[in-house]
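Chemist: Could you build all of it, start to finish, from the sequences and the hints given here?
Residue numbering for the sequence shown follows this note's numbering, beginning at 1 and increasing consecutively.
Treat the hints with care, as some may be off.
For lysine to aspartate or glutamate, the following DMTMM-like pairs were computed, each having C-alpha atoms within a straight-line distance of at most 20 Å [to be verified]:
1. K149 <-> E99
2. K41 <-> D54
3. K103 <-> D79
4. K41 <-> D79
5. K103 <-> D136
6. K81 <-> D122
7. K103 <-> E124
8. K149 <-> D139
9. K13 <-> E145
10. K81 <-> E99
11. K23 <-> D67
12. K76 <-> E124
13. K81 <-> E124
14. K23 <-> D54
15. K37 <-> D67
16. K37 <-> E87
17. K81 <-> D136
18. K81 <-> E145
19. K13 <-> D54
20. K8 <-> D139
21. K103 <-> D119
22. K20 <-> D119
23. K20 <-> D54
24. K41 <-> E21
25. K13 <-> D119
26. K76 <-> D122
27. K13 <-> E124
28. K41 <-> D67
29. K76 <-> E21
30. K76 <-> D119
31. K149 <-> D79
32. K149 <-> D54
33. K103 <-> D122
34. K41 <-> E94
35. K28 <-> D54
36. K8 <-> E145
37. K20 <-> D67
38. K23 <-> D119
39. K76 <-> D136
I should point out that these hints are in silico values taken from the structure, not numbers from a laboratory.
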Amino acid sequence: MRIVTNIKSLSIKCLPLPYKESKAIANKMILFLLSHKNIAKHSVGLACNQLGLDGRVIIIRNKNRWDIYINPILCKSSDEKSTLDEECLSLPHESFPIERNLKVRIVDDMQRARDPEKDFTDFEGFQARVIQHEIDHLDGILVSERYYKQNSKEI
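Modeler: Next up, the structure:
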């Protein structure tokens, strides 16, 4: 496996897979990062399609571990936003100023499996930015496309 940089491939919206298949994909993603320490060292998140894998799976760095989110859906976001430069493993050597919500809530199958009583996860600050970036990947939206749309007022 390697990081996909083909814009056409990355622009296809990912479709959800069953939990068991998605969990296996998440494990492949983590193994990839464990075996590519130079990539893992500079990464804060990864979407399955960035490795050419099917499904709707993302992993996000949380201190010393990688948290898994399966079939994540952004269900709530704050009105408050900020703009910061974002980079992407799939667009090496490029950076774009992107406006994102400062707080978001997602629902996902991994959280439902951990705790059916609380099927959501809240993020704020930088982690909220990362989760939005990775969900964009699953929706076939690259950071470059988001930048151009934001600046042409299409989003």
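Chemist: The structure should be examined with respect to each hint, and the outcome stated for every one.
Modeler: Structure-based check of each hint:
In summary, the hint linking K149 to E99 is supported, as the alpha carbons are separated by about 11 Å, within the 20 Å threshold. Between K41 and D54 the alpha-carbon distance is near 24 Å, which puts this suggested pair outside the 20 Å criterion. For the given pair, K103 sits about 8 Å from D79 by alpha-carbon distance, which is consistent with the 20 Å threshold. For the suggested pair K41 and D79, the alpha carbons sit about 32 Å apart, so the restraint of at most 20 Å is broken.
With a C-alpha separation of about 16 Å, the suggested pairing of K103 with D136 holds against the 20 Å cut-off. Only pairs whose Cα atoms come within 20 Å are accepted, and K81 paired with D122 is accepted, the gap being roughly 16 Å. For the hint linking K103 to E124, the alpha-carbon distance of about 4 Å falls within 20 Å, and the restraint holds. A hinted pair counts as satisfied when its Cα atoms are at most 20 Å apart, and K149 with D139 qualifies at roughly 15 Å.
As the CA atoms of K13 and E145 are separated by approximately 14 Å, the hinted pair is consistent with the 20 Å bound. Taking the CA atoms of K81 and E99, the gap is about 6 Å. The hint holds against a cut of 20 Å. For the suggested pair K23 and D67, the alpha carbons sit about 12 Å apart, so the restraint of at most 20 Å is met. Only pairs whose Cα atoms come within 20 Å are accepted, and K76 paired with E124 is accepted, the gap being roughly 12 Å.
The straight-line distance between the Cα atoms of K81 and E124 is roughly 11 Å, inside the 20 Å bound, and the hint therefore holds. At roughly 12 Å between alpha-carbon atoms, K23 and D54 fall within 20 Å of each other, so this suggested pair holds. Distance check on the hinted pair: K37 and D67 sit about 17 Å apart at the alpha-carbon level, within 20 Å; holds. A C-alpha spacing of about 18 Å is found between K37 and E87, which places the hinted pair at or below 20 Å, so the restraint holds.
A C-alpha spacing of about 16 Å is found between K81 and D136, which places the hinted pair at or below 20 Å, so the restraint holds. Pair hint K81 plus E145 holds up; C-alpha atoms about 19 Å apart against a cutoff of 20 Å. About 10 Å separates the Cα atoms of K13 and D54, which keeps this hinted pair within 20 Å; it holds. Using a Cα cut-off of 20 Å, the hinted pair K8 and D139 holds, with the two alpha carbons roughly 13 Å apart.
With a C-alpha separation of about 17 Å, the suggested pair K103 and D119 falls inside the 20 Å cut-off, and the hint holds. Using a Cα cut-off of 20 Å, the hinted pair K20 and D119 holds, with the two alpha carbons roughly 18 Å apart. Only pairs whose Cα atoms come within 20 Å are accepted, and K20 paired with D54 is accepted, the gap being roughly 13 Å. At roughly 27 Å between alpha-carbon atoms, K41 and E21 are farther apart than 20 Å, so this suggested pair is violated.
This hinted pair does not check out: K13 and D119 have alpha carbons roughly 23 Å apart, beyond 20 Å. Between the alpha carbons of K76 and D122 the distance comes to roughly 9 Å, so the proposed pair stays at or under 20 Å and holds. This hinted pair does not check out: K13 and E124 have alpha carbons roughly 25 Å apart, beyond 20 Å. Among the hinted pairs, K41 with D67 is consistent with the structure: their alpha-carbon atoms are about 15 Å apart, no more than 20 Å.
Annotation: proposed proximity of K76 to E21 is violated, straight-line Cα distance about 27 Å (limit 20 Å). Between K76 and D119 the CA atoms are separated by roughly 13 Å; this keeps the pair inside 20 Å, and the hint holds. With a CA separation close to 19 Å, the supplied pair K149 and D79 stays within the 20 Å bound. For the proposed pair K149 and D54, the alpha carbon gap of about 26 Å is over 20 Å, so the pair is violated.
For the suggested pair K103 and D122, the alpha carbons sit about 7 Å apart, so the restraint of at most 20 Å is met. Of the supplied pair hints, the one linking K41 and E94 holds, its CA atoms being roughly 18 Å apart against a limit of 20 Å. Pair hint K28 plus D54 holds up; C-alpha atoms about 12 Å apart against a cutoff of 20 Å. Annotation: proposed proximity of K8 to E145 holds, straight-line Cα distance about 12 Å (limit 20 Å).
Annotation: proposed proximity of K20 to D67 holds, straight-line Cα distance about 16 Å (limit 20 Å). With a C-alpha separation of about 17 Å, the suggested pair K23 and D119 falls inside the 20 Å cut-off, and the hint holds. Of the supplied pair hints, the one linking K76 and D136 holds, its CA atoms being roughly 15 Å apart against a limit of 20 Å.
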